[in-house]
Amino acid sequence: MSRTDLRLSALNAWRWILHHGFEWGLLGAVYSLAAALLVEPAAQHLLEKFQAGAPGARTVGWRELWILIWIFITLPFFLERYRGVEAGLPLFRSKNSRNSKSLSFIRVYFMHELRRWQGWASALVVVLFGSIALEIRDLTPFFFVFIAQFSVQRALYSIGSWRRLISVAPHLQSPAMLWNAFLCVQLFWFVLSWAALGAVMWIEYDWLSMDFLPRPVFPLWLTLGVSGGVAVIAGASVALEGDSGRPWLVNLLAFTAGTMGGLITLAAPIWGFLGAVYFASRLRALSRGRLLSVENFHEDFVVP
Amino acid sequence: MKTLSFLDYSIGWAAKSPLIEIDSARDGVKLKSGLHLVQAPNGLGKTTLLQTIAHRVPALRGQAVLDDRPLQAENDVHFVSEYLAFPKFVTVSEWIRFASAQAVNSADLNSWAARFRLDALLNQYLGRLSQGERRKTTWLAAHVSGRPVVLLDEPLDGLDLLAMPAARALLSEWKREGRVVIIVSHHAAEILSLSNAVWLIRDHRLVAMDLSDAERANERDFRARVAAFYGATL
Chain E
1 MSRTDLRLSA LNAWRWILHH GFEWGLLGAV YSLAAALLVE PAAQHLLEKF
51 QAGAPGARTV GWRELWILIW IFITLPFFLE RYRGVEAGLP LFRSKNSRNS
101 KSLSFIRVYF MHELRRWQGW ASALVVVLFG SIALEIRDLT PFFFVFIAQF
151 SVQRALYSIG SWRRLISVAP HLQSPAMLWN AFLCVQLFWF VLSWAALGAV
201 MWIEYDWLSM DFLPRPVFPL WLTLGVSGGV AVIAGASVAL EGDSGRPWLV
251 NLLAFTAGTM GGLITLAAPI WGFLGAVYFA SRLRALSRGR LLSVENFHED
301 FVVP
Chain B
305 MKTLSFLDYS IGWAAKSPLI EIDSARDGVK LKSGLHLVQA PNGLGKTTLL
355 QTIAHRVPAL RGQAVLDDRP LQAENDVHFV SEYLAFPKFV TVSEWIRFAS
405 AQAVNSADLN SWAARFRLDA LLNQYLGRLS QGERRKTTWL AAHVSGRPVV
455 LLDEPLDGLD LLAMPAARAL LSEWKREGRV VIIVSHHAAE ILSLSNAVWL
505 IRDHRLVAMD LSDAERANER DFRARVAAFY GATL
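Residue numbers (this note's numbering), protein chains in the order written: chain E, 1 to 304; chain B, 305 to 538.
Bear in mind the hints are in silico, worked out from the structure with no lab data behind them. Among these hints, one or two may not hold up.
[What the hints assert, rightly or not] In silico SDA-like cross-links for lysine to any residue, where the CA-CA straight-line distance does not exceed 20 Å:
#  : chain 1 : residue 1 : chain 2 : residue 2
1  : E       : 49        : E       : 70
2  : E       : 101       : B       : 414
3  : E       : 101       : B       : 412
4  : B       : 479       : B       : 367
5  : B       : 392       : E       : 90
6  : E       : 101       : B       : 415
7  : B       : 392       : E       : 120
8  : B       : 334       : B       : 374
9  : B       : 392       : E       : 160
10 : E       : 101       : B       : 378
11 : B       : 392       : E       : 78
12 : B       : 392       : E       : 177
13 : B       : 392       : E       : 25
14 : B       : 479       : B       : 307
15 : B       : 392       : E       : 49
16 : E       : 101       : B       : 374
17 : B       : 334       : B       : 380
18 : B       : 392       : E       : 121
19 : B       : 320       : B       : 367
20 : B       : 392       : E       : 117
21 : B       : 392       : E       : 118
22 : E       : 101       : B       : 428
The whole structure should be built from the sequences, with the hints applied where relevant.
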C-alpha cells in the first residue's frame with residue numbers, strides 16, 4: 001500500500017468517524033442512559049448480594065453504569081459498521097469445488113461470521129477488557145458481565161440485514177433458524193474469548209508468579225464463564241425483538257436482558273442459568289412471525 | 305405432468321380488500337407443467353401472488369393445491385424474490401448449496417454455470433459479484449433445487465445479453481422436466497415464445513390470454529394486446 005493510499009484510508013476513516021461519531025455517539029448515550037436506569041437498582045441489589053460478607057464491599061453508581069453501557073453499546077457499532085477494511089478472511093474455504101452437500105443456514109451464517117475480521121476483533125476486545133477487569137479484583141465478575149456481551153452487541157448491528165435476507169432467501173426459512181444461528185455463533189465467540197481469558201489468567205496468576213495454589217483462579221474463571229455465558233444467552237435471545245431489527249432498540253433490549261441475566265447468575269448461579277434457558281426458549285417460540293413485515297420485502301441489499 | 309390449482313384462494317394484505325381471488329373450479333385457472341407468464345400493471349398483486357404461493361405471506365383464505373394434495377411450500381416451491389439478498393462472505397457454490405437445499409450434481413451445475421459464464425466465479429465471495437452475476441446465481445440455485453414449482457419475480461433484471469440464451473435454455477429444460485414455472489417479468493419479450501400461458505390480472509381475477517403464434521412471435525403485437533386489455537394504447 002502506497003503512502004497516498006494510507007493517507008486516503010486515514011482520511012476516509014476520519015471522515016467516517018466525523019460523520020457517524022456524533023449521531024451514533026449521542027444515540028448511544030441516550031439508549032445507554034435508559035439501560036443504566038433500568039438496570040441500576042437491580043445491579044446494586046445483586047452486587048451487594050454477590051459481595052455478601054466480603055470486607056469493604058463496593059457499589060457502582062448509575063453514572064458509572066451509564067458510561068460502562070455507553071462504551072459497550074457504542075464501540076461495537078463502530079467495529080461492526082466500519083467499512084474501511086472490506087476484505088474477507090480466506091477461512092474455511094472449501095478447496096474442493098465439487099463438494100455437493102447442501103448447506104444449512106447455521107453453517108452459512110457461521111462461515112460468514114468467521115470470515116469477517118469483526119468477529120475475531122470483538123473476541124480480542126473481550127479478552128483485552130477481561131484482562132483489564134482482572135485488576136479490579138472483587139468486581140471482576142461484575143464487569144465481565146458487561147464485557148462478555150460485546151460480541152452480541154456488535155452482531156446486533158447487522159441482525160436487521162439477516163432478518164431481511166432470511167425473508168427473501170430462496171427457500172422457506174423460519175425465524176427460529178436465524179435465532180438458533182445467532183445464539184450458537186455468539187456462544188462460540190464467547191467460549192473462544194473465555195478460553196483465551198483463562199489462558200491469560202493462568203499465565204498472569206500462576207505461571208509467572210509461580211503462585212500455583214493460593215489464588216482461586218479456576219473458581220473465578222468458572223464464575224466468569226457461567227455469568228458471562230448466561231449474559232450472552234439472555235442478550236442474544238432478544239435478537240429478533242425490537243423495531244424490525246433496526247439497531248439501538250434491539251441493542252438496548254439485549255443489553256438489559258443480558259446484564260440482568262448475568263447479574264442474577266452471579267447472585268444465584270443455578271437460578272440465573274435456568275431462568276436464562278427458560279427466557280431463551282420462550283423468545284425462540286415467540287420469534288415465529290417476527291419476519292412478516294412488509295418492509296422486509298422491499299429492499300435490495302447485501303449483508304455486510 | 306404437474307398441475308397447480310387453487311381452492312377459494314384469496315391473497316392480499318387485508319381480508320376486506322383482497323388483491324386477487326382465484327378458484328380453479330369457478331375460473332378454470334389451472335397451471336399445468338410449463339412456463340406461465342404473469343403480466344399486469346404495477347400494484348395489482350403479481351409479487352404478492354408469488355409470495356403467497358411460496359407461503360412468505362399468509363393467504364387470506366383458501367389453499368393452493370399441487371395435483372391432488374395441498375401445496376407444501378417447504379418442499380414443493382422454489383421462490384426467487386425480485387430483491388436480491390446475499391451474505392457478502394459466502395461463495396457462489398456455497399450459496400447455491402444452501403439456497404437449493406439439495407445435494408448438488410456438480411457436473412450439471414458446472415455445465416449450467418459455464419453457459420451463464422459463471423463457472424470461473426463459483427468459488428468467489430458473493431460480495432465481489434455484480435448484481436447481474438448474483439442474479440445468475442439465483443437461476444442456478446433454482447435449477448439445482450429441483451422443486452416442482454418455481455416462482456421467479458423479475459428474474460431477468462440485471463442479466464446481460466449473453467446470459468439470455470442460457471436463461472431461455474434453462475426455462476426449456478425446466479419445461480422438459482415437467483416443472484410448473486411462474487414468472488412475473490416486465491421483460492416478457494425475452495421469454496414470450498417459450499411461454500405456455502400468459503395470465504393477466506383484472507378485477508382481482510387471473511385471466512388467461514389467448515395468443516396466436518404470430519402474437520407470441522411479435523413483441524409489439526403482444527404489448528398492444530396487453531395494453532388494449534387494460535384499455536390503454538401504446
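Within a Cα-Cα threshold of 20 Å, do residue 101 of chain E and residue 412 of chain B meet the stated pairing?
holds (14 Å)
Going straight from one Cα to the other, do residue 479 of chain B and residue 307 of chain B come out at no more than 20 Å?
holds (13 Å)
Residue 101 of chain E and residue 415 of chain B: Cα distance at most 20 Å?
holds (18 Å)
Would you mind confirming whether the straight-line C-alpha gap from residue 392 of chain B to residue 49 of chain E stays at or under 20 Å?
violated (46 Å)
Just to be careful, I want the Cα atoms of residue 334 of chain B and residue 374 of chain B compared with a cutoff of 20 Å; is the pair within it?
holds (14 Å)
For residue 392 of chain B and residue 25 of chain E, compute the direct alpha-carbon distance and say whether it is at most 20 Å.
violated (27 Å)
Hinted pair residue 334 of chain B and residue 380 of chain B, Cα distance within 20 Å
Holds, at roughly 17 Å.
Given the hinted pair residue 479 of chain B and residue 367 of chain B, is their alpha-carbon gap at most 20 Å?
violated (24 Å)
Taken at face value, is the distance from the CA of residue 120 of chain E to the CA of residue 392 of chain B at most 20 Å?
holds (17 Å)
Hey, residue 392 of chain B versus residue 121 of chain E, does the alpha-carbon distance stay inside 20 Å?
Status holds; Cα separation ~18 Å.
Do the alpha carbons of residue 392 of chain B and residue 160 of chain E lie within 20 Å of each other, as the hint requires?
holds (15 Å)
Residue 392 of chain B and residue 117 of chain E: Cα distance at most 20 Å?
holds (13 Å)
Violated hints, listed in ascending order, are 1, 4, 13, 15 and 16; each of the other numbered hints is respected by the structure.
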